[in-house]
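Participant: The listed protein sequences derive, respectively, from chains W and C. Going by our numbering, the residue at position 62 of the first sequence is 62; the numbering climbs one at a time, nothing skipped. Going by our numbering, the residue at position 424 of the second sequence is 424; the numbering climbs one at a time, nothing skipped.
Think of the hints as simulated: they come from the structure by calculation, not from any bench. Treat the hints with care, as some may be off.
Claimed, not checked - In silico SDA-like links for lysine to any residue, alpha-carbon gap of 20 Å or less:
no., chain 1, residue 1, chain 2, residue 2
1, C, 203, C, 145
2, C, 62, C, 15
3, C, 203, C, 259
4, C, 430, W, 26
5, W, 32, C, 447
6, W, 32, C, 307
7, C, 445, C, 15
8, C, 62, W, 22
9, C, 62, W, 24
10, C, 445, W, 27
11, C, 446, W, 22
12, C, 307, C, 259
13, C, 430, C, 448
14, C, 45, W, 30
15, W, 32, C, 244
16, W, 32, C, 62
17, W, 32, C, 450
18, C, 446, W, 27
19, C, 62, C, 73
20, C, 446, W, 24
21, C, 445, W, 30
Claimed, not checked - Reference excerpt, derived from the structure (chain C facing chain W, CB under 7 Å, subset only):
no., residue
22, 30
23, 32
24, 33
25, 35
26, 47
27, 50
28, 58
29, 59
30, 60
31, 65
32, 273
The structure presented is a predicted model; accordingly, all values stated were derived computationally and were not measured. By construction, the Cβ of each residue, glycine as well, lies at the ideal position given by its N, Cα and C atoms.
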Amino acid sequence: MSEKVPGQDKKVPGKDKEVPREEAPSVEPVSKQTWSETGVEELEEGADAPPRVLADCEGGCVVSTCEACYGDRCMEPPPD
Amino acid sequence: MTTRVSYYTFTVQVEENGFLLINGISGAVDFVNSTAANLLSSWEKAGEVPCEASEALVTQLKARGHVTERTPEEEIATAQVICEGFKNRRASPKKHILVVTYDCNLRCSYCYERHLRTRGQDWLEETLDVERVDQIFAAIEQFERGVSHREMLSIGLYGGEPLLWKNRAVVEYILEQGVEMGYSSTISTNGFRLREFAPLLSKYPIDYVQVTLDGPPEVHNARRFTASGEGTFDRIMQGIKEARKYQIPIRIRTTVDSVNAPFVPNLNPYLEALGVSEGRELEAYLAPTSDLWKQYDPHVLDSYKGKCSTQMLARLPRRTSRHIESAFAADSTVWIPSGYYCKAENNVFYDPFGDLYTCVQALGWREHTVGSYLPTLDLNESYELWTSRTPFNLPECQDCRYAPVCGGGCALGSYRANGTIVSGNCGSFKRLLDGCIPYLYRHWKKNEMRAHG
Numbered sequence: 001m002s003e004k005v006p007g008q009d010k011k012v013p014g015k016d017k018e019v020p021r022e023e024a025p026s027v028e029p030v031s032k033q034t035w036s037e038t039g040v041e042e043l044e045e046g047a048d049a050p051p052r053v054l055a056d057c058e059g060g061c062v063v064s065t066c067e068a069c070y071g072d073r074c075m076e077p078p079p080d
Numbered sequence: 001m002t003t004r005v006s007y008y009t010f011t012v013q014v015e016e017n018g019f020l021l022i023n024g025i026s027g028a029v030d031f032v033n034s035t036a037a038n039l040l041s042s043w044e045k046a047g048e049v050p051c052e053a054s055e056a057l058v059t060q061l062k063a064r065g066h067v068t069e070r071t072p073e074e075e076i077a078t079a080q081v082i083c084e085g086f087k088n089r090r091a092s093p094k095k096h097i098l099v100v101t102y103d104c105n106l107r108c109s110y111c112y113e114r115h116l117r118t119r120g121q122d123w124l125e126e127t128l129d130v131e132r133v134d135q136i137f138a139a140i141e142q143f144e145r146g147v148s149h150r151e152m153l154s155i156g157l158y159g160g161e162p163l164l165w166k167n168r169a170v171v172e173y174i175l176e177q178g179v180e181m182g183y184s185s186t187i188s189t190n191g192f193r194l195r196e197f198a199p200l201l202s203k204y205p206i207d208y209v210q211v212t213l214d215g216p217p218e219v220h221n222a223r224r225f226t227a228s229g230e231g232t233f234d235r236i237m238q239g240i241k242e243a244r245k246y247q248i249p250i251r252i253r254t255t256v257d258s259v260n261a262p263f264v265p266n267l268n269p270y271l272e273a274l275g276v277s278e279g280r281e282l283e284a285y286l287a288p289t290s291d292l293w294k295q296y297d298p299h300v301l302d303s304y305k306g307k308c309s310t311q312m313l314a315r316l317p318r319r320t321s322r323h324i325e326s327a328f329a330a331d332s333t334v335w336i337p338s339g340y341y342c343k344a345e346n347n348v349f350y351d352p353f354g355d356l357y358t359c360v361q362a363l364g365w366r367e368h369t370v371g372s373y374l375p376t377l378d379l380n381e382s383y384e385l386w387t388s389r390t391p392f393n394l395p396e397c398q399d400c401r402y403a404p405v406c407g408g409g410c411a412l413g414s415y416r417a418n419g420t421i422v423s424g425n426c427g428s429f430k431r432l433l434d435g436c437i438p439y440l441y442r443h444w445k446k447n448e449m450r451a452h453g
């Protein structure tokens, strides 16, 4: 016959709190597509990619080169 | 065969319990929770994916390129092939830009060419003439001999200020010769004389004329003014209206920094009155500077929603990084690793002194000329250094996991920091990680929620 241990029924703060289960890993795509491995083979074979893929500038404005530097050179002229 | 986390996958925190996994070679951007991020981190430290890892999770990550069976050396070798291959294909046709003169009728407070004014008025007034224009077109034909995409051939007019009234004869000659050779033209102008030039320009095929309006009149005039301090807003607006009467396409740029950022939305009513639309004939875009990201809360750009036109905001992400923004595009654009930082390998600038440059910010800085077009085209050893620059020929960048995204950083920035362009420049990439990528994510998330409810 088991005897009750003094204080056995006393609630211990936090002891009875349910331990949260770790969330399962989740991966949700943001970018729609990925570049396929065949692209590497095409490059190695010298395939000519169409201009649409090459042309990432919309019009070729010269100042967009400045934008690649986020325009920070606007604030810092080069020394003479 | 060991399965491991890709060498080119890195993580950016975008929410309290949310991270982006980004792979610079596959172009994959994935939102993962802390559990997934911690798992990948532990796999990376261990050097392999453990056998007991969830097969479904590993399959998903493998399909996206975040997990691979290649060794780091094999991945780096593949990255080099990809990046250099695309860079070489990107190199032609070039954008040929004629610097009509270094002189300018404005004294914009932030002009990156203002140091050239110390060279004196005689130097500034050197201008292209018929003979030099002929040599320039001869040089252009040499560059583009055998190019397969001639329909993409285009010349640009630049300065200083290309549309100074005293130079209208040579401007017309340049446009005439461009037509003879089958090129279209673009013009980057402050717009002060656009009204007067509009009839002349209307006779030639112009892809667009770019002008700058940096905010409502009082804000714009405080930073873009004439040598005598006169504001330019009203003259530029008149120029735009006149150009539109001749159906000349206009692109309005607003350079956004910490000074004018709070006031940019107040420009919108003026753009609406002009008829800025979703089409390409009259469009507007925002060009945030790094000053904005450094000193200003990038969330300020979020606050422009509802105040700036949809079109202005639609192109805003372009200004952050061409290399990564396509991954967040609403359409099926595939992010192709670029292998370079900017268009310095694709541009050729022809200045009035016969000098050639590839970098717009190096104009007039003779230390960075890449050759000459007088008496004939002659390229020096710097041309190869500028045009072949990729992370894989920069000592600090060859083994860097960010190389396909960063591209090695700004060459001129590298020169300023290290005394040579053959070195990496990480500064602007950190801004990309800390500011731009979280901004792109928030922008994408709002669009997704709007689209899917």
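Participant: So, for every hint listed, does it hold in this structure?
Facilitator: A quick look at each hint next to the structure:
1. C:203 <-> C:145: violated, 27 Å
2. C:62 <-> C:15: violated, 24 Å
3. C:203 <-> C:259: Distance ~39 Å between residue 203 of chain C and residue 259 of chain C Cα, so the pair is violated.
4. C:430 <-> W:26: Roughly 27 Å between the alpha carbons, so the hint for residue 430 of chain C and residue 26 of chain W is violated.
5. W:32 <-> C:447: holds, 14 Å
6. W:32 <-> C:307: violated, 29 Å
7. C:445 <-> C:15: holds, 11 Å
8. C:62 <-> W:22: Cα-Cα ~23 Å, so violated.
9. C:62 <-> W:24: holds, 18 Å
10. C:445 <-> W:27: Holds. Residue 445 of chain C to residue 27 of chain W sits at ~15 Å (cutoff 20 Å).
11. C:446 <-> W:22: Outside the cut-off at roughly 27 Å; violated.
12. C:307 <-> C:259: With Cα atoms ~18 Å apart, residue 307 of chain C and residue 259 of chain C stay inside 20 Å; holds.
13. C:430 <-> C:448: Not satisfied, since the Cα-Cα distance of roughly 26 Å exceeds 20 Å.
14. C:45 <-> W:30: violated, 25 Å
15. W:32 <-> C:244: violated, 38 Å
16. W:32 <-> C:62: At roughly 15 Å apart (the allowed maximum being 20 Å), residue 62 of chain C and residue 32 of chain W satisfy the hint.
17. W:32 <-> C:450: Holds: residue 32 of chain W and residue 450 of chain C sit about 17 Å apart, inside 20 Å.
18. C:446 <-> W:27: holds, 19 Å
19. C:62 <-> C:73: Distance of about 18 Å is within 20 Å: holds.
20. C:446 <-> W:24: violated, 25 Å
21. C:445 <-> W:30: This hinted pair holds, its Cα atoms lying about 9 Å apart.
22. 30: holds, 5 Å
23. 32: holds, 5 Å
24. 33: holds, 5 Å
25. 35: Given a least distance of 4 Å, the restraint on residue 35 of chain C holds.
26. 47: This interface hint is violated because 20 Å lies over the 7 Å limit.
27. 50: At 13 Å from the nearest chain W Cβ, residue 50 of chain C fails the 7 Å test, so the hint is violated.
28. 58: violated, 11 Å
29. 59: violated, 11 Å
30. 60: OK, holds: residue 60 of chain C within 7 Å of chain W, min 6 Å.
31. 65: holds, 6 Å
32. 273: violated, 24 Å
Of the numbered hints stated above, those contradicted by the structure are hints 1, 2, 3, 4, 6, 8, 11, 13, 14, 15, 20, 26, 27, 28, 29 and 32, listed in ascending order.
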